[in-house]
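Peer 1: Chain by chain, the residues run as shown.
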Amino acid sequence: MLENYIPILLFILVGLLVGLGPVLMGFLVGPHKPDEEKDSPYECGFEAFENARMKFDIRYYLVAILFIIFDLEIAFLFPWAIVLQDLGWYGFSVMSIFLGILVVGFAYEWKKGALEWE
Amino acid sequence: MIKLLGAFFLALGLIGAALLGVVYQIWLSSPWQLLWLPITVVALLLMVAYLTYAERKIIGYMQIRIGPNRVGPRGWLQPIADSIKLICKEIILPAKSNRFLFIIAPALAMAPALAAWAVIPFDDGWVFADINAALLYLLAMTSLGVYGVIIAGWASNSKYAFLGAIRSTAQIVSYEIAMGFALVGVLMASGSLNLGDIVRAQSGSHGILDWFWLPLLPLFVVYFISGVAETNRAPFDVAEGESEIVAGFHVEYSGMLFAVFFLAEYLNMILIAALTSIMFLGGWLSPFADTPLESLFAWVPGVAWLFLKTSIFLFLFLWFRATFPRYRYDQIMRLGWKVFIPLTIVWILVLGVMVVSEFAWFAPAVSSTV
Numbered sequence: 000m001l002e003n004y005i006p007i008l009l010f011i012l013v014g015l016l017v018g019l020g021p022v023l024m025g026f027l028v029g030p031h032k033p034d035e036e037k038d039s040p041y042e043c044g045f046e047a048f049e050n051a052r053m054k055f056d057i058r059y060y061l062v063a064i065l066f067i068i069f070d071l072e073i074a075f076l077f078p079w080a081i082v083l084q085d086l087g088w089y090g091f092s093v094m095s096i097f098l099g100i101l102v103v104g105f106a107y108e109w110k111k112g113a114l115e116w117e
Numbered sequence: 000m001i002k003l004l005g006a007f008f009l010a011l012g013l014i015g016a017a018l019l020g021v022v023y024q025i026w027l028s029s030p031w032q033l034l035w036l037p038i039t040v041v042a043l044l045l046m047v048a049y050l051t052y053a054e055r056k057i058i059g060y061m062q063i064r065i066g067p068n069r070v071g072p073r074g075w076l077q078p079i080a081d082s083i084k085l086i087c088k089e090i091i092l093p094a095k096s097n098r099f100l101f102i103i104a105p106a107l108a109m110a111p112a113l114a115a116w117a118v119i120p121f122d123d124g125w126v127f128a129d130i131n132a133a134l135l136y137l138l139a140m141t142s143l144g145v146y147g148v149i150i151a152g153w154a155s156n157s158k159y160a161f162l163g164a165i166r167s168t169a170q171i172v173s174y175e176i177a178m179g180f181a182l183v184g185v186l187m188a189s190g191s192l193n194l195g196d197i198v199r200a201q202s203g204s205h206g207i208l209d210w211f212w213l214p215l216l217p218l219f220v221v222y223f224i225s226g227v228a229e230t231n232r233a234p235f236d237v238a239e240g241e242s243e244i245v246a247g248f249h250v251e252y253s254g255m256l257f258a259v260f261f262l263a264e265y266l267n268m269i270l271i272a273a274l275t276s277i278m279f280l281g282g283w284l285s286p287f288a289d290t291p292l293e294s295l296f297a298w299v300p301g302v303a304w305l306f307l308k309t310s311i312f313l314f315l316f317l318w319f320r321a322t323f324p325r326y327r328y329d330q331i332m333r334l335g336w337k338v339f340i341p342l343t344i345v346w347i348l349v350l351g352v353m354v355v356s357e358f359a360w361f362a363p364a365v366s367s368t369v
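Read top to bottom, the protein sequences are chains A and B.
Residue 0 is where the first sequence starts when you use numbering that gives the first Met the number 0, and the numbers rise one by one after that.
Residue 0 is where the second sequence starts when you use numbering that gives the first Met the number 0, and the numbers rise one by one after that.
Hints are computed from structural coordinates only; laboratory data are not their basis.
Heads up, the beta-carbon is just placed ideally off N, CA and C, and yes, glycines get one too.
Just so you know, not all the hints are guaranteed correct.
Taking lysine-lysine pairs in the DSS-like style, the calculated list, with each CA pair at most 25 Å apart, reads [claimed, not checked]:
id : chain 1 : residue 1 : chain 2 : residue 2
1  : B       : K88       : A       : K32
2  : A       : K110      : B       : K337
3  : B       : K84       : A       : K37
4  : A       : K37       : B       : K95
5  : A       : K54       : B       : K84
6  : B       : K337      : A       : K111
7  : A       : K32       : B       : K2
8  : A       : K54       : A       : K111
Over the 12 Å line for every Cβ pair with chain A, so calculated as not near, a few chain B residues [unchecked claim]:
id : residue
9  : Y52
10 : V70
11 : L213
12 : P217
13 : F287
14 : D289
15 : A297
16 : P300
17 : W318
18 : I347
From just these sequences and the hints, can you work out the full model?
Peer 2: Printed below as a string of structure tokens:
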């Protein structure tokens, strides 16, 4: 059973190789003539006038938090979805209640304006 | 520079050593895979190369241009010329960047895009890793792709790259939820996480009507559009919207480092197209099954059908890019959160009723294999 997973390991390693190998070739084949202007961060020809790692909109943070909640939700739905045919109406109604609670939370976020991006 | 090259050789050496160990293991259990793996990887990379050619040619004709036609007959050697050019270009490492992260970011985008192919069934039984958690693994791999983007944006230490990375991350993460809900629908209909079983669950006595695209129609549409958003393709390409943030997260990347990002993006497109055809359009199943034409097309191997279906979705990717103007960022977020997520939740409930009451597609007699 577990040896079924070995090709996956192989694929991940080959993937890393395909990701790093050409870059090494690029370093070896391509020229390398750095100068101050070339190595400065691109800012439409201006000098970079402050650190690029600046403050950003709080809404991105909010999206990340909402994502965690919903993604957990999906992970929770997966096992249920597979055995739904065996669970029958009981399983379906239990998950309906659960999804109902989720929808209430979702409607609250929506009403509160957590999903607005104007 | 010497130090950098040294680190590179060390990393490649370590990967190579690990590779040898794994290859030895596989040699003991199933040696045929060692033959097929390089063929598959090369075929995938060739597909990527010719997808870029197809993109330029198709969009060219859609805009009443000819597209590339100088290198080789009808421009067929264009992708090869492009890759040679990219190898010979200088790789610029910006002075303020975090070098280590800057260099591994493209590899982090590439590795999951390629690794996901380990569980894709090309034909009945023709799959590298026939595991029962295939869909979970795929979800994990497609989610990992976002690390390449955010690490690239952070390590570049450039404002455009940073903004592009943040936008792109929020967008990918938002559409991942809709995508996940669509996958839950597929699981409810098929009752298995194994991609081979998902395809087999779509065979029945009504041919094309048994495929999941019909009972799961809204999820099918949501999944594919989310896939377009997930790969940062037009019309959802604000992450690299050239008219405002130049190139987004890869603005500081040049030469082969950029090429690897490019490869990863196109490989992800092919992956999404292949997954959509496997989960909703019956994968390797013939569209003529259970029709009078069935015997006429019986000689066509399953992998050819999968390739054909994948190509249809890839063409859609290109068609979208040629047709739709770019969405505004608030429109993208609205579509993801306020349209797709409610739609998928509603359809999961509808599907739940259909599955439990064994309606049409889900009646035991129909869903069993012929």
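Peer 1: Compare the structure with each hint and give your call.
Peer 2: Structure-based check of each hint:
1. Of the pairs offered as hints, the one joining B:K88 and A:K32 holds, with about 11 Å between alpha carbons and a cut-off of 25 Å not exceeded.
2. Taking the CA atoms of A:K110 and B:K337, the gap is near 11 Å; set against the 25 Å cutoff, the hint holds.
3. For a cut-off of 25 Å, the pair hint linking B:K84 to A:K37 stands: about 20 Å separates their Cα positions.
4. About 12 Å separates the Cα atoms of A:K37 and B:K95, which keeps this hinted pair within 25 Å; it holds.
5. For the hint pairing A:K54 with B:K84, the CA-to-CA distance comes to about 38 Å; that exceeds 25 Å, so the pair is violated.
6. At roughly 13 Å between alpha-carbon atoms, B:K337 and A:K111 fall within 25 Å of each other, so this suggested pair holds.
7. Straight-line distance between C-alpha atoms of A:K32 and B:K2 comes to about 16 Å, which keeps the hinted pair within the 25 Å bound.
8. Distance hint between A:K54 and A:K111 is fulfilled; the C-alpha atoms sit about 24 Å from each other, no more than 25 Å.
9. Every CB of chain A lies more than 12 Å from the CB of B:Y52, the least distance being 18 Å, so the non-interface label holds.
10. For B:V70, the requirement that its beta carbon stay farther than 12 Å from each beta carbon of chain A is met, with the minimum near 20 Å.
11. No beta-carbon of chain A is positioned within 12 Å of the beta-carbon of B:L213; the least distance is around 18 Å.
12. The claim that B:P217 lies off the interface holds: its Cβ sits roughly 16 Å from the closest Cβ of chain A, which is beyond the 12 Å cut-off.
13. The beta carbon of B:F287 sits about 29 Å from the closest Cβ of chain A, which is more than 12 Å, so the claim that it is off the interface holds.
14. The Cβ of B:D289 sits about 23 Å from the closest Cβ of chain A, beyond the 12 Å cut-off, so the non-interface label holds.
15. Residue placement check: B:A297 keeps its beta carbon more than 12 Å from all beta carbons of chain A (closest about 30 Å).
16. A cut-off of 12 Å between C-beta atoms confirms that B:P300 is not in contact with chain A; the least separation is 22 Å.
17. For B:W318, the shortest C-beta to C-beta distance to chain A comes to about 27 Å, beyond the 12 Å cut-off, and the non-interface label holds.
18. Some Cβ of chain A comes within 12 Å of the Cβ of B:I347; the nearest lies about 7 Å off, and the non-interface call is violated.
Going down the numbered hints, you'll see the structure goes against 5 and 18, while the others check out.
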